[in-house]
Amino acid sequence: MTLRFIRPETVREAMEVLHEHKDNSKIVAGATDVMVQRRSEKPVEEKPLLLVDITGISELSYVNFQNGIVRIGAMITHRDIARSAVIHDVAPFFADACLSVGSPQIRTRGTIGGNIVNASPAADSLPPLTALSARLRLISRRGSRDVALCDFFKGPYKTIIEPDEILKEVYFRAPEPSSRCAFLKLGRRESLAIARLSVAALIDVDDSGKISKAAIAPGACLPMPARIAPAEEALVGKIPDEEVVNSASQEVGEEMVRVSGVRWSTEYKKPVACALTKRAIWKALGVDVD
Amino acid sequence: MSSFTVVNHPISRIDATTKVTGRAEFADDLAFDRMLYGQVLRAKYPHAKILELDTRKAEEAPGVAAVITYADISGAQAIGPVRPDMPIFVSTRTMYLGDAIAMVVAETPEIANRALDLIRVEYEELPTIFDVEEAVSEGALQLHKDYPGNIVNHYPLRKGNVEEGFKASDVILERTYTTQLIEHAYIEPEAAVAVPGSVDGNVTIYGSIQNPFTARRHVAQVLGVSLNRVRIIQCAMGGSFGGKDDVVSAVCARAAVAALKTGRPVKVVYTREESLIESYKRHPYVMKYKVGATRDGRLLAMEIYILADAGPYSSMTPFVTWRSVVQATGPYEVPNVKTDVYGVYTNNTYTGAMRGFGSPQIIFAQESLMDELAKELGMDPLEFRLKNAFKQGSVTASGQVLDEHTVSLMNVIKKATEAIGYSEKQRAYAKNKTARGKVRGVGFAASYRGVSLGAEGVDAAGALVSVQPDGSVYLHSGLAENGQGLKTIFSQIAAEELGCRFEDIVFMDTDTSVIPDSGATVASRSTTMGGSAVRDAAKKVREVLFGVAAELLNAPHEEITAAGGKMYVNEDPARCVDFRDVARAAYGKGQLMAALGWYQAPKVSWDEKTGQGKAYFTYVYGCQVAEVEVDCDTGQVKVLKVVAAHDVGRAINPATVEGQIYGGVTMGMGYGILEEVELQDGVTKTRNFDEYLIPTSMDVPEIVPIIVENPDSYGPYGAKTIGEPTCELLAPAIANAVYNACGKRIRRLPLDLERVLLGYSLRAARGKRGSEQA
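Keeping their order, the protein sequence lines are chains F and G.
Everything in the first sequence is counted per our numbering, starting at 1 for the first residue and increasing by one.
Everything in the second sequence is counted per our numbering, starting at 1 for the first residue and increasing by one.
Be a bit skeptical, because a hint or two may be false.
[As the list claims (entries may be wrong)] What follows is a list of derived Cβ distance ranges for each label pair:
#: 1; chain 1: F; residue 1: 212; chain 2: G; residue 2: 436; range: 25 to 33 Å
#: 2; chain 1: G; residue 1: 60; chain 2: F; residue 2: 156; range: 41 to 49 Å
#: 3; chain 1: F; residue 1: 206; chain 2: G; residue 2: 683; range: 38 to 46 Å
#: 4; chain 1: G; residue 1: 21; chain 2: F; residue 2: 37; range: 42 to 50 Å
[What the hints assert, rightly or not] BS3-like, lysine-lysine: derived pairs with alpha carbons at most 27 Å apart:
#: 5; chain 1: G; residue 1: 387; chain 2: G; residue 2: 375
#: 6; chain 1: G; residue 1: 685; chain 2: F; residue 2: 158
#: 7; chain 1: F; residue 1: 47; chain 2: G; residue 2: 57
#: 8; chain 1: G; residue 1: 290; chain 2: G; residue 2: 438
#: 9; chain 1: F; residue 1: 270; chain 2: G; residue 2: 603
#: 10; chain 1: F; residue 1: 270; chain 2: G; residue 2: 415
#: 11; chain 1: F; residue 1: 238; chain 2: F; residue 2: 213
#: 12; chain 1: G; residue 1: 425; chain 2: G; residue 2: 744
#: 13; chain 1: G; residue 1: 744; chain 2: F; residue 2: 270
#: 14; chain 1: G; residue 1: 539; chain 2: F; residue 2: 270
#: 15; chain 1: G; residue 1: 744; chain 2: G; residue 2: 638
#: 16; chain 1: F; residue 1: 158; chain 2: F; residue 2: 210
#: 17; chain 1: G; residue 1: 387; chain 2: G; residue 2: 431
#: 18; chain 1: G; residue 1: 425; chain 2: G; residue 2: 415
#: 19; chain 1: G; residue 1: 414; chain 2: G; residue 2: 744
Just so you know, the hints here were simulated from the structure itself, not pulled from any lab data.
Note that beta-carbon positions come from the ideal geometry of N, C-alpha and C, so glycine has one too.
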């Protein structure tokens, strides 16, 4: 016996199982990453892994919009989000990002909770959620705690989640109705493509035509999701023109090098991150620059 | 309007329904009583001495039936289509990462897999060589003592005098082009089951086998038995594209050795990772071209130097590079030619047959070069090519006069370029030089291609047509269905020739015990060679049936004809008898209603020293045009539309010809912009389809096939070839289109994001395979 599998139907049941098996269990939340990882793992006979499949827990499948807060249960799939009327209404770039994930099969199995906890630097859902300043609720038998999405990650594929904890939901305040957003992804092909680079931009413009709020979050170029404050600062308070947008976009490339250092891919990624950011900002502002 | 009843009609493939409903039986679907499962242990280092191999612990593990190594082989230790240099199991030295060291045979695949860890191998790493130019340089490490300079083979071709040609030239251009290592990416990995026979030493093998007769020969050699002791039955194929040849022979041989040792059926099925590591690939080429032309655009001389990376084993390298030397100048009249093509040994993954077979590489070089030279001369690329293109009676680089078939090169070029509006678009896009944002471009490539094996070797094929007493028909063929649609094409030819109903024919899976050795199902030779054999067999049976019909209809034999399930009097079709009734009557009279058909290719010739001769008995011509969008800010190339015009002689089935074009264009696109097996110091980095990227259905552009028919004097109903020409043209068409769009000339495949943006590749594992040249 090298592997055991359990499929709890309630949150309570799942928390009990995780509490009891915290040193040898792994949550399965769609299996699109777990099963791929297991393919290259050598099984250990002495300590059989317990896979806890939480996709059967119906209490974790919901999209709520109340009091200005959108709450998404962790077992909501990418396909659900791509088709959600609420998401299309309040944060269409998040729907776009989820629609760009893998293939119809992967989008139908893969969940938002799984995508967040897997913590891939190239995860498609993370740039828009970062731009939305999303927060997470983690639960365990010990209680529950809320953390900001950007504080959840420790590095690539590393998070602060404890072995007995479940990600219950991700939530964010709906942006002002006047705000505009865009998500752009560059892959090596049109589908089943891991992001080579991606950018989410969320921008609000006031009555005078000045940018009042800006959130810029790139993907696949930082070890973990983050907003690029210097880029946002370069935008806020300005009337967007070519110079403003260019200098803000430039900051994304600079930040990438500051955080990740110069890597084999930098020579390509730096100019492309700037170019993609520029396009995302203009797209959010309603200008098609292609 | 077609004068044929079945042939030349777009009939649905006879194997389509079983495949799309999941009922087709693949090798992995087979199960036998007491069947065991084999798992292969492979090399840890690409080049290392094996100091010690200890399998005892694995043999003792519960559930393990045997561990097979070189010591269990009583016949040939190594196989190969030209030279037997690829070991079934290595004994003393690994030569690349895919080398097999042992195979555990156990009750379940999981037990076999775990037992691999119990095999102890002690290695001593040896110096390695991964770069072809380094391999041929003086003082380089020598991989095979019998092949100095790491040269697998060398093909020279000499025509005219290149020095004088260059002297007379107004413009001389020298360019180096490089192509990458790519994988066939058949959807079904290697699989075979060996079943020991009831007679001692006999074995039957079912498998995903492209060439049943090649597999039989290799298995018999390894077992040290005569050919009739080994029976190969082909299963439904999940793709091959030239890929399930040598590597599958090795899989079959290991399974057969294990089956005879244990006395039980043994199944071996590879994972995708195993397939990508062990199986052979398409040769990477380094190609140095020097070309001279007059100011008014007449080609005068071409000097070509090519190094093809063979990996450590010769495999098909001598044949692949031979096609390259024949076709290296492209379909153009060049009076003075000096070509040298070398196959080179390295410690990279070995290379062999893949759809295209030595043509995609040289066409990428020569068609990029034609555009570059046209620009140098200030000429339109189309006008420049037409000025030099083969026409009726042209002489090839090997001195062959093209006068036995219709030389339709100009015709296919014109059809393809006109269909997309090449000239207008090319001029319009060339003006757009913003080098920012998304810009469009068009480009094309043209080729000629020798049909079938040519002077490579023996070229003959057989088929058996057997009409049953009720008028239904068995059709056996020595050439095999590999997904290309052969079953349907051959059934169409048999039905046309017999005059029976198409649906009354049952095509039998290829079985080496039933039909004569017809060589390999390669070189796009099935329709021409096998189709002619089917026609020959059907004609022989038809003559018998016509005799019986003549009696039934009370008419002279020579006035009988047949079509659509009826035999009738030519001048009076109302006087007819059902095909089935004729069969019943013939059976009643004790007539033989079966016949073996055979077709031998017309004579060809080749002088190995001068590279002169009649290389192939006929040729096909093709042209593909690509319209692309290049994102100058990201390096992304999107192929928007492709027009592909191909002269097939005669389309036996226009629908499957179009299918070949759609598939070939898609493979050509993968070669052009996406695919590369990445090796880092001989270690395969791209081990599954998450990293080895092929086009998805979302990437496939609009494809417009144009079928051109100029019936040939040899093939059945004038049919020639379509399988391979479709996948040899798109990569250079894309490269030319990218240049047209943004002014960047990229001389190395693939045109991925980094190479298009920066001019060179950045992938982490890239390199060690020739120097990067922008």
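Structure-based check of all given hints:
1. F:212 x G:436: 25 to 33 Å: With a Cβ separation near 30 Å, residue 212 of chain F and residue 436 of chain G satisfy 25 to 33 Å, so the hint holds.
2. G:60 x F:156: 41 to 49 Å: Distance hint for residue 60 of chain G, residue 156 of chain F holds at roughly 42 Å.
3. F:206 x G:683: 38 to 46 Å: 57 Å, violated
4. G:21 x F:37: 42 to 50 Å: 33 Å, violated
5. G:387 x G:375: 15 Å, holds
6. G:685 x F:158: 24 Å, holds
7. F:47 x G:57: Status holds; Cα separation ~23 Å.
8. G:290 x G:438: 33 Å, violated
9. F:270 x G:603: Outside the cut-off at roughly 60 Å; violated.
10. F:270 x G:415: With a Cα-Cα distance of about 44 Å, the restraint between residue 270 of chain F and residue 415 of chain G is violated, given a limit of 27 Å.
11. F:238 x F:213: 10 Å, holds
12. G:425 x G:744: 17 Å, holds
13. G:744 x F:270: 20 Å, holds
14. G:539 x F:270: 69 Å, violated
15. G:744 x G:638: Since the Cα atoms of residue 744 of chain G and residue 638 of chain G sit roughly 15 Å apart, the hinted pair holds (cutoff 27 Å).
16. F:158 x F:210: 38 Å, violated
17. G:387 x G:431: 24 Å, holds
18. G:425 x G:415: 15 Å, holds
19. G:414 x G:744: Since the Cα atoms of residue 414 of chain G and residue 744 of chain G sit roughly 26 Å apart, the hinted pair holds (cutoff 27 Å).
Hint check: violations occur at hints 3, 4, 8, 9, 10, 14 and 16; the rest are consistent with the structure.
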